[in-house]
Each structure stands twice: as structure tokens, then as C-alpha cells.
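Novice: So the chains spell out like this:
Protein chains: 2
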Amino acid sequence: MTHPLASWKDGAAKQAILDFVAAVTTPNGLSFVPPSDRIAVFNNDGTLWVEYPLYVQAFFVFDRVKQLAPQHPEWQTQEPFASVLKGDLNAVMAGGETALLQLVVVTHAGMTTDEFAEIVQDWFATARHPTLHRPYPELAYQPMLELLAYLRANGFKTFIVSGGGVEFMRACTEQVYGVPPEQVIGSSAKTQFELYDGKPVIRRLPELYFFNDKAGKPAAIQHYLGKRPIAAFGNSDGDLQMLQWTTAGPGRSLAMIVRHTDGKREFCYDQTGMSSLKQGLVEADQQGWIVVDIQRDWQRVFAFELER
Amino acid sequence: MTHPLASWKDGAAKQAILDFVAAVTTPNGLSFVPPSDRIAVFNNDGTLWVEYPLYVQAFFVFDRVKQLAPQHPEWQTQEPFASVLKGDLNAVMAGGETALLQLVVVTHAGMTTDEFAEIVQDWFATARHPTLHRPYPELAYQPMLELLAYLRANGFKTFIVSGGGVEFMRACTEQVYGVPPEQVIGSSAKTQFELYDGKPVIRRLPELYFFNDKAGKPAAIQHYLGKRPIAAFGNSDGDLQMLQWTTAGPGRSLAMIVRHTDGKREFCYDQTGMSSLKQGLVEADQQGWIVVDIQRDWQRVFAFELER
Chain A
6 MTHPLASWKD
16 GAAKQAILDF
26 VAAVTTPNGL
36 SFVPPSDRIA
46 VFNNDGTLWV
56 EYPLYVQAFF
66 VFDRVKQLAP
76 QHPEWQTQEP
86 FASVLKGDLN
96 AVMAGGETAL
106 LQLVVVTHAG
116 MTTDEFAEIV
126 QDWFATARHP
136 TLHRPYPELA
146 YQPMLELLAY
156 LRANGFKTFI
166 VSGGGVEFMR
176 ACTEQVYGVP
186 PEQVIGSSAK
196 TQFELYDGKP
206 VIRRLPELYF
216 FNDKAGKPAA
226 IQHYLGKRPI
236 AAFGNSDGDL
246 QMLQWTTAGP
256 GRSLAMIVRH
266 TDGKREFCYD
276 QTGMSSLKQG
286 LVEADQQGWI
296 VVDIQRDWQR
306 VFAFELER
Chain B
6 MTHPLASWKD
16 GAAKQAILDF
26 VAAVTTPNGL
36 SFVPPSDRIA
46 VFNNDGTLWV
56 EYPLYVQAFF
66 VFDRVKQLAP
76 QHPEWQTQEP
86 FASVLKGDLN
96 AVMAGGETAL
106 LQLVVVTHAG
116 MTTDEFAEIV
126 QDWFATARHP
136 TLHRPYPELA
146 YQPMLELLAY
156 LRANGFKTFI
166 VSGGGVEFMR
176 ACTEQVYGVP
186 PEQVIGSSAK
196 TQFELYDGKP
206 VIRRLPELYF
216 FNDKAGKPAA
226 IQHYLGKRPI
236 AAFGNSDGDL
246 QMLQWTTAGP
256 GRSLAMIVRH
266 TDGKREFCYD
276 QTGMSSLKQG
286 LVEADQQGWI
296 VVDIQRDWQR
306 VFAFELER
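Taken in sequence, the protein lines are chains A and B. Counting from 6, one number per residue, gives the positions in the first sequence under the numbering used here. Counting from 6, one number per residue, gives the positions in the second sequence under the numbering used here.
These are computed hints drawn from the structure, not numbers from a lab. Glycine included, each C-beta is placed from N, C-alpha and C at the ideal position. Just to be clear, a hint being listed does not mean it is correct.
[To be verified] Covered stretches of chain A, as calculated for chain B (at least 3 residues, CB under 8 Å):
| no. | stretch |
| --- | --- |
| 1 | 200-209 |
| 2 | 224-238 |
[Stated by the list, open to error] Among the chain A residues that face chain B by a calculated CB cut under 10 Å, a handful are:
| no. | residue |
| --- | --- |
| 3 | F164 |
| 4 | V171 |
| 5 | E179 |
| 6 | V181 |
| 7 | G221 |
| 8 | Q249 |
| 9 | T252 |
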């Protein structure tokens, strides 16, 4: 039988997972946690799958703008659409939050929730990562897939708690991670129930309802679950408060931070602006959170072997 | 063996439940639904337990005001607190929404989520219904408890989707209904994650975040679950849109409305202002939704026998 964490190298990170799971699942043990309270939360981008050079959802936005462009001839000259259509991502990014919000609104709002789900599912079925040239569902980290499965095999309920759009993520989380839609918490748009031609629909409105990042994450966990997790996994300071909340519980807990250190097998952006991982490392050191160094701790990064 | 719906009288309502469950669970049947999509949603007050003469949560508010009164001598003369302390509920109600909101704020906000959970749990452990003289957890409807268990035994995941405060309901839903906190959707206050004396807490703020009623219910279901239910149970027009959304799905579905017609064994307020059930009955008639008449359809209302 293959070890359930076969893609993890032997070392402190793997051992911390094994020790933690053994401790909380040993009946009559000091740290035993009943299955109903075995809640594990995972950030998505950069923790469960690739986020470099941009979030997967950003590539969806750009592809969708290109797809809608024939219906919007004015986009050829109107920013930020013109730069997207030219493929000039630096120019898009230079437009800052306002530009990004405009792009999100035209690609994510106006349609019903059913229509949006179909658009995203269709995209996932054909889109490929611009530099890795693989469908996005293949860009999940194999060690994290094994970790999700290992925790579930030990009675854990696994949740995604991520800054990505909740309905965007739900289009693939069950297929990729085995996490059903009702266990995905993300950022969300305002929506409105209405009767459209006599048929009940839920329409996506062009307004942010909730941004699931930083201090919003523990608040959302409490809001959605009403329970404090005992294990949390992230990779940036956007996950800091989620890890603080998880580890401040009364019993044993596990907190892990993934560091992107492997330019050969994945991407190395650990010390760049992209990662935004500073305070997390300071607290990891102080609190004994586990740092997962991809180069050092993962035997294999993807299910396929990347050739470069 | 006792029949799983032993407290339901034979009749159209019971038969509709049996037929529906048989249809969606028969492998290779035309209406088969895989277990992951067997989602059933229940309103709480008036559907799963007593809501008369006031919502259970209202009694919590009044008791809590009395408990806090010694720290607020000004309440003796200040409305709406003075009327609560005198037990003059009509005067409280005359203050309308503003008065109720004031009462909710002082009893539901300011403390951390952990502190609030403890306050509510303590209250449930000792409080009794003012006219039935029973602890509230005993005031769940026995036929609905059997229905919840029957659906779960047939692979359904059962959710509460109610206008009550989500953290208030969570203090008892697992014990009373077997529904864990993460399967409870309700109205909610804004909250804020903060470090308090260096310790992470989530604080309840004096502001409504989401009111889970009417058109808000299907929007919340989509927001939290990302899946359309196939069964929905309510008792007022506050549940109308939830039933519309549930029954507008592509496959077979079940929608039921409980009518409070039994003044002897429970309360009869079917044709009064309290019930607010008008459009629901019209659509039930048009759409073939099942009306559950307590007097006609329930063999027993509570686990105990009420003596009056």
C-alpha cells in the first residue's frame, strides 16, 4: 500500500501532520477531538494550487473579456479592456483596483447563478495555464491533495476558505479537491432572487458582498461554520488571522504555511512582492506553526512531472 | 420496529413524503438523485418548533434584559426596557421595529462569539416556555424530528434556513434536531476579528449583517451551499421564495407548508395575523405543494403529551 502522504518527503512538516492526526484521533488520548469537531480549513490559491504568475481567476477574467469582445467594439479603445485584448497585463495591472473591479463586474455580474456556473465550467473544461500549458485542474499540488484525502480518511471535514470568488471556485473544487460546494467559503457578489419570465432565478449583481481575506477569514469561518477549526493551511499574510484564530482554540491544533521556493518544479517567488508573506513567518517562528518549504518538503509537486 | 414516521397520520402529507423519498433514492429510477444532491432545507420557528405566542428568541431577549437590568438602573424608566421589565409585551410591541432592534442590540452585541454562545446555552438549560411550561428543546414537533431523521437515514443532508439569529439557533440545533452548526443558516450580526489582550476573538457588532427572510432565503441558500435543495419545509410566506426556488429545479422536489390548526394540542393561529400565510397557500394549491394540517396530519405533536 502506498503511504497516504507519499508525495511528502520525510521531515519536520510531514512528521507534524502525522503527529497531529494521531493525537486528535486517538480515543481516550489527552488531545482527542470528536469527528464532528475535526474541521480543517485551506486557503486555495498558492496553498492548494498554482497562483503564479496570476490567480487562476484572473486568467478566467481575461479569457472572458476576449470572448465577450465582439459584442463590445468600444473595448478596443477603452481601458482596461483594450490592454486585456492586447495581452498587455502590465498595463492592466497599472490600472490598479479600479481597473480590476471593472473587469470583474463585466465578467462576473448580470447573469444568473446558473448561467455563471455554466460559463465557468465551460472555461475550466478547455482553458490552459499560459506558461505551464496544462488544464488548471491538473495544477493542484499533489502533496496537498494527499493531505486533504488523509485528513478526510481520519474523520476530518475539509473546507476551502479563500479570497477567490466562491461561485468561481465551486465550479471545480469537488472535481479537483473532493470538496463539495457547501464546504467552500470565498469572496462573493451581492445577489438577488427574482422571478424572470415567471421562473425563479438568482441574479448576480455588480457589487461586492464580502471580501474573504485577512481578518475577514476567521469572521467568515465563524459566520458559516459556527465552529473553530483545529487545522488551517495558508501561504500568505492573507491567511494570518485564520491561522491565529485556529491555533487560539483550547485544544491541540495544526497551522501550516506553504513557501514557494522551487523555481524548477513550480515557481520561486518566496521573497518577492507576489508572496506577501512576512508577518506569517514571524508568527510561525514564535508560535511553532509549521513552514512547508516546497523544495525541501515535497517529493513531487504535481501529479504529472513538469519538464522544463 | 416503529415506523420512522410514526407520529404522522396516514394521509396525503405522509404519503407525499414516502413517495418522494422512494422516488429520489431508487437507483436507476427516473427521479433518482445522488446523495450529494439530496439537500433538504427547513425553516425553524413554526416549522420545527413552537413560535407562539412569540418566537423563542424573543423570550430570550426579554429574559436577558431582566438579567442585565441591575447593571442598568436607567432601564426602569426608559422604553422599551421599562415595558419589558414590567412584563407588558403589548407595550413593547407597540414600539415597533425600533424598539425590538434596541432590545436585540443590548442582548446580542458587544460580546465575543464565544461569550454569546455561552449566554445562550445557559439560557436554554433553564428557560421555560411561558404558557407550555416546558424547556424549549422539548417544544420541537415530534413529526418533524422524525422527518429530519428519516431524510438523513435516506442520505439527505438537512439544513435549517430560518429568520432566527444564526448563533442563537446554533446553541441548540445539534441537541434538538441533530443539525450541526455548519448546517444552520440564519440572520446574522456584523462581526469583527480582533486581538483582545493579545488573544484572537470575534466580536459581535451592534449592526445587522443579513436578514434571512423571504427573497433572502434562496439567495442565502445559493450563497452558503452553492446547490439548489430538492426539499423545502416552511410555515409562512417568509418561506415562499425558498419553496419557489426549491421546486423550480430540474428534477423531482418536495415542498411542504405546516398549518397551525390545532388549538388543543398546540396553538391555532392559522387565520390570524401571526401566521402571515396567504400567498403560500395560493401557490401550494397551484403548484401541488403539500399542506400539512397539524390537527389532521399529526398523530402526536410533541414527544410529551400536552395536558390542558
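Novice: Against each hint, give a clear statement of whether it holds in the structure.
Specialist: Okay, the hints, checked on the actual structure:
For the stretch 200-209 of chain A, the proposed coverage by chain B is satisfied: 4 residues have a C-beta within less than 8 Å of a C-beta in that chain, meeting the threshold of three. Beta-carbon proximity to chain B at under 8 Å applies to 7 residues in the stretch 224-238 of chain A; the threshold of 3 is reached and the given coverage holds. This hint holds: F164 (chain A) has a C-beta 8 Å from the nearest C-beta of chain B, less than the 10 Å allowed. A least Cβ separation of about 7 Å between V171 (chain A) and chain B falls short of the 10 Å threshold, and the interface hint therefore holds.
Given hint, E179 (chain A) at the interface with chain B, holds; its Cβ is 8 Å from that chain's nearest Cβ, closer than 10 Å. Violation of the interface hint for V181 (chain A) is found here, the shortest Cβ-Cβ separation to chain B being roughly 15 Å, above the 10 Å cut-off. Here the hint on G221 (chain A) is kept, as its CB sits about 8 Å from the closest CB of chain B, short of 10 Å. Below 10 Å, beta-carbon pairs count as interface contacts, and Q249 (chain A) has one with chain B at about 5 Å; its hint therefore holds.
At about 9 Å, the closest approach between the beta carbon of T252 (chain A) and any beta carbon in chain B falls short of 10 Å, and the interface hint on this residue holds.
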